[in-house]
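Novice: One-letter residues, chain by chain:
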Amino acid sequence: MKLLKSALICIFFLNSFILFSQEKYTISGIVSEKTSNETLIGVNILFPELNTGTTTNEYGFYSITLPKGTYKIIVSYVGFDNINDTISLTENITKTFSLSETTENLDEVVIKENIEKLNIRKPQMSINVLTSNSIKQIPVVLGEADVIKAITLLPGVTNAGEGSSGFNVRGGSADQNLILLDEATIYNSSHLFGFFSVFNPDAIKDLKLYKGGIPARYGGRVSSVLDIYQKEGNNKTFHANGGVGIVSSRLLIEGPLKKDEGSFLLGGRSSYAHLFLPLFDLDNVAYFYDLNTKFSYKLNKKNNIYLSGYFGRDVFRISDSFENTYGNTLVNFRWNHLFSNKLFSNLSLIYSDYYYGLNLDFVEFEWNSGIQNFNIKYDFKHYISDTFKLQYGLNSIYYKFNPGKIEPSTPTSGINPFKLTDKYAFENAIYIDAEHKISDKLTMSYGFRFSSFLRLGQDELNIYENDQPVIFNEDFQLYQNAKPIDSESFKRSDIIESFSNLEPRVALALQITNESSIKASYNRMSQYLHLLSNTSSPTPLDVWTPSGKYVKPQLLDQYAIGYFKNFNDYSFELESFYKTIKNRIDYIDGADLIANNAIEQVILNGKARAYGFELLLRKNEGRFKGWLAYTLSKSEQQTPGRTPSELGINNGEWYSTAYDKTHDISFTGSYQISKKWKLNTNVLFQTGQPTSYPNSQYVFEGITIPNFGNRNADRLPAYHRLDVSFRYTPKPLKNKGLQSYWVFGVYNLYDRKNAASITFDRNATAGINEATRLAIFGIVPSVSYNFKF
Amino acid sequence: MRKVILISILSFFITSCEDVIDVDVPTASPRLVIDAGLNWFKNTSGNEQVIKLTLSAPYFDTEIPQANGAQVVVTDTKNNSFNFLEQGNSGVYINNNFIPEINGEYSLIVNYQNEVYTATEILKSVSSVDFIEQQNDGGFTGDEIEIKAFYTDPINEENFYFYRFTNTSEPDISLEVYDDEFTDGNQIFAFYTDEDLAQGHELLIRNFGISEQFYEFMFILQQQTGDNSGGPFETQPATLRGNCINQTNPENYPFGYFRVSEADEFIYIVQ
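Each protein sequence line maps, in turn, to chains A and B. Heads up: the first sequence runs through residues 1 to 789, numbered per our numbering. Heads up: the second sequence runs through residues 1001 to 1271, numbered per our numbering.
Simulated from the structure, these hints should not be mistaken for lab results. Think of the CB as a built atom: it goes at the ideal place given N, C-alpha and C, for glycine as much as any other residue. Take these hints with a grain of salt, some might be off.
[Said to hold, decoys possible] Only part of the chain A face toward chain B is listed, based on derived beta-carbon distances under 8 Å:
(1) Thr410
(2) Ala520
(3) Asp589
(4) Tyr698
(5) Glu701
(6) Ile703
Starting from the given sequences, assemble the full structure and let the hints guide the process.
Specialist: Dropping the structure here:
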């Protein structure tokens, strides 16, 4: 409370300070795309004479306060034609800009004057921005444009191999990414165990990935923020676009609810059944679908409302014995309100859930688990002057966790019904963040987030001797479950455990020349939820668990420094980072996480660290576009013994995480060959991912057992591949009516058998031990047809 | 249960390409392996018992060396001491006057190359197999034979089961462990399926009563062998530690386990 008070006082003084310095006026408004009125995020609004400017926010709004005068104004956005104008600022004005997409002219090379200096000056570093268009250019397996596959081509982003879910940022685990779709949290980003992501590329406007220097308005995850905004829908005319591929089809329709005021967007996507199943005559099913909806309405100049929703499910069925359904649901209502031309606000009311259901018919039981939450966010952006901008707000989330419920599915089932104890929690945060241009060369952002986490009352909380749910058996040198000595039940309104953390965030940018700068940042973040997963990559049936009496919140400290340069159509970024995470949970050997009602008995608190260099050379404009990324990094974790007599996990030594890749090189590029043809390509090389090879074998109970030494001490062979795709647009000049293009692609062109895993097993027939390589994708051709009208 | 779920998920990857490759693996120095399962089959005296001692070997070696010349003794709490004598130079140690007792506590002492290894375990009782159910439309392809061996779990007590399915017509052994957390007091089944299982095959089903510690031991062992290892859903492999301790040099710990069980046997001819 004290903090909130001082924050408010601080804001008050800043406001009054501004009141004294009159002679300044504010220009504010919205920037949108000309034909659809779709607002644009991150557009530069520049005043070259004053050497200053601003950018549009997530809702296309900008505001800047300048001394009275007449100025040239340039509105500039990658892929769009600039607007050059002159404004006379003698009073506060509202000005709306509409930008048109650049039509690429292949006959001449146009060198545009580079005026995109704002990214050089802004203290925000470690951020990558991708638009829907650039995601769709990247060749992908089976021809399905994919958000997560696209971001793993960026520096500092990897995953635990083909066919693994989620993604890993700067050596962090997949559950440490805050994934936001229209401000709502997504708990599982994958369809079909990671072959596809849950985001429909047609419905997406733009995404930002924050890898470091994360602003104070984000919290709750320690590794990264993937902030995705869906399109609002065209509020001028009705349009549809879609695609037909070999794996899935999609259709998106959008149009005005009321011309220039309201719009709707409805998108659907579904894969075909029997996807990976060669045995078509059998009753096996594997498919996914998702639906995106959004309604936007401009109530008046100061108020906009949005209602958006997402619903996605994966369904698997193997004959009659196994059926599995899981997915995310979210509903989000937002209200944008302009308190003044300097104070923008957004209120979000969000419901989201993740459901996992399983019916194992041959064992005759049903299982379901999930997480539900209600989230309220109130965010303010306060454009106080051209040198000072504040963002502040608050956020409260109420969680209900269902760790699992087992029910017999037949009257004759041998399974007793069982309900794992539900858990409840309440997470709150307030934040304030200033962006302050201290001098012409130096801009800083500084602020903090104060977060608290209340674990609310539940039934049957176990109590252990000495509060130790895990005991170390010194005789056998292994960790074992402790037996609870008692259990306690609470009222829902009780607070069992509470945590609070002050998370400072600081970043600065020092401009060296007009086109280059050095940036540095520090951020502390806390994470109160943990995904229980002791496999190399998360599985859909992993459950989330809140911090509490036995599980502490994860705390991150990250330092990053970088050099940034723009030249011609290129941008160059070199960054180095170092981060440490406290209270990273680790699991005792043999931990069984499924349907475990006493998860604290298999968890120890460890730590993690990661460090590395990242290099990104990117070309954003012209006939050739693309980027080259290189990452050199290390990602490790350690769980030492709690006392000197304990062994710790992996003998207490540091070990590589499953997604640690020393070298990671990715190139992705597109080249406009002619008006009709465009070539896209990816080249990847990565150090093989860590794994454990057996160091000996022995025979026990008649079978051969491989013995493994330390965790992840070995590596799979290096991973590399080349993908190529051609985009053919039959009528490139047509911009009305039906427009279409074909994509012909080949994934893994030279058919490299990249090992997803190597399994050590005994060939019983031959009586010898064998190492078996599993390669998920060899060469995969694909074709898709895409249209809009 | 976890295993059942993960296998089901893993089967989606079956269509991908698998091939056998050469891999350079690290080599650790050999350790003693104690394969000591004392089984008291129902309706027998349980006097005759076997303990096998071997050594661990480099992973791709085809020979497993025996551990010869050890002194092997099992004692109970009634001052009985049972000597296990090696049969020639086989690494197989035999005793003919063992006295089994349900819930009796037994200790193992092995002296091998001047190092003393010890372990203690309790003889656990087991429920017999009630009947077998066979289905011919199981598995991922829908035409595999599935065998369910039903047994009745005693109510209101914690029980752990060790099942060993041996297809005597094919070189296939499958080891399974079960607890009764969600099945207490019910008639439930042990499950076996193998793509090579065919009509006329003889299936030898043996089940053993085991301790929680052996259950945990086998749980890790199962994760690290066969279909469960490797892939994005693998759990981190770990060195498997049993209940045998090297008293002379704890660092040179042995592999294996000293288990004492009541046991039952059921022979089933696949229909």
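Novice: Next, verify each hint and record whether it holds.
Specialist: Status of each hint after checking the structure:
| no. | hint | verdict |
| --- | --- | --- |
| 1 | Thr410 | 13 Å, violated |
| 2 | Ala520 | 36 Å, violated |
| 3 | Asp589 | 4 Å, holds |
| 4 | Tyr698 | 4 Å, holds |
| 5 | Glu701 | 6 Å, holds |
| 6 | Ile703 | 6 Å, holds |
The structure shown violates the earlier hints numbered 1, 2.
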